[in-house]
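Here the protein sequences come in this chain order: A and B. Under this note's numbering, the letters of the first sequence match residues 122 to 280, in that order. Under this note's numbering, the letters of the second sequence match residues 122 to 280, in that order.
What the hints contain is simulated information worked out from the structure, not anything from laboratory work. It is possible that part of the hints are untrue.
No distinction is drawn between identical chains; accordingly, a pair holds when it is met within one copy or between any pair of copies.
Said to hold, decoys possible - Dumping the calculated BS3-like pairs for lysine-lysine here, alpha-carbon to alpha-carbon at most 25 angstroms:
#, residue 1, residue 2
1, K135, K155
2, K146, K135
3, K175, K146
4, K245, K219
5, K160, K135
6, K160, K211
7, K245, K202
8, K219, K190
9, K245, K276
10, K190, K276
11, K219, K202
12, K160, K239
13, K202, K185
14, K146, K190
Chain by chain, the residues:
Number of protein chains: 2
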Amino acid sequence: MRITLIYVGSTSDKFYLEAACEYEKRIGAFGDFKSVCIKEERLENESSQALIEKALSLEEQRIKAAIPKGSAVVCMCIEGKELSSEGLAKYIDDCGGKGISSICFIIGSSHGISQSLKAVSSLKLSMSQMTFPHMLARVMLTEQIYRAFTIINGKNYHK
Amino acid sequence: MRITLIYVGSTSDKFYLEAACEYEKRIGAFGDFKSVCIKEERLENESSQALIEKALSLEEQRIKAAIPKGSAVVCMCIEGKELSSEGLAKYIDDCGGKGISSICFIIGSSHGISQSLKAVSSLKLSMSQMTFPHMLARVMLTEQIYRAFTIINGKNYHK
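Produce the entire structure from the sequences given, and follow the hints as far as they go.
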């Protein structure tokens, strides 16, 4: 299984980078993992809804260009479906069972992901009803993908 | 408001320590925050339910000794109530309104928190239906407490 994680906006927080790297390295034992950073559109704090949507639309174009062909697309959003760790493992395993060999997870900017991209995704996924900084969400999701592979492969990690 | 975060078991992962420290420092601008590490009972991977319960009971004694008197106790557990970030802010703010000046959050070991401690808590709180390593849960919770204070104080952080 090939997993791609596309996230919008970089971070200067070293601890997030190191934590994400650690789980990316571990996922490598189970599958082909790649993370792709997409440039975030700059917005003022009090931007209008129209400006926010324009920024999301520009980010959508860059995200779409980075999605590997034939991927099942999973958009991370707070209104998405909440799955347990076992539920995410089942989703990934089921994709494999259907002959899908590439899954692409997308974490948007602090303003989220465009409605049109969410509309065409295979799954809208929520990790929490709480709002987390998107770089912490990246660490959380990378850990969950690693955890999913340990569940699928019966490894001693998940409790 | 005085906030205490009791967590069971330490970590050698530097990135988790650094991330938790960063949010602890930021919370300091709003209230008195203290985190307390409780020794985790060692258990083999295939321990019986009886041995797990004994360990949880020993950890409970240490946790109880560390809870500041008069605190509202919040136990983190996957079956708890899911709140949004605004919901957690409201809970903290409401405690203040009721004259409660100390809230104590508890993150158990990888086996969780004893049933008897959960039974006497003011709130059982879940951040996700997913299972996270407890040191990542500590970072997530510390960030949410910081976020709650920025919401209560109308600061420009939460989106």
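Verification of the supplied hints:
1. K135 to K155: both (19 angstroms within a copy, 23 angstroms between copies)
2. K146 to K135: both (16 angstroms within a copy, 16 angstroms between copies)
3. K175 to K146: Close neither inside one copy (35 angstroms) nor across copies (36 angstroms); limit 25 angstroms.
4. K245 to K219: For K245 and K219, the Cα distance is within 25 angstroms only inside one copy (19 angstroms; across copies 39 angstroms).
5. K160 to K135: within (18 angstroms within a copy, 28 angstroms between copies)
6. K160 to K211: Neither, since 32 angstroms and 35 angstroms both go past 25 angstroms.
7. K245 to K202: both (6 angstroms within a copy, 22 angstroms between copies)
8. K219 to K190: The answer is within: 16 angstroms in one copy meets 25 angstroms, while 56 angstroms across copies does not.
9. K245 to K276: Classified as neither: same-chain Cα gap 27 angstroms, cross-chain 30 angstroms, threshold 25 angstroms.
10. K190 to K276: Answer is neither: 30 angstroms inside a copy and 42 angstroms across each miss the 25 angstroms cutoff.
11. K219 to K202: Classified as within: same-chain Cα gap 21 angstroms, cross-chain 35 angstroms, threshold 25 angstroms.
12. K160 to K239: within (19 angstroms within a copy, 44 angstroms between copies)
13. K202 to K185: within (22 angstroms within a copy, 36 angstroms between copies)
14. K146 to K190: Only inside one copy: K146 and K190 sit 24 angstroms apart there, 44 angstroms across copies, limit 25 angstroms.
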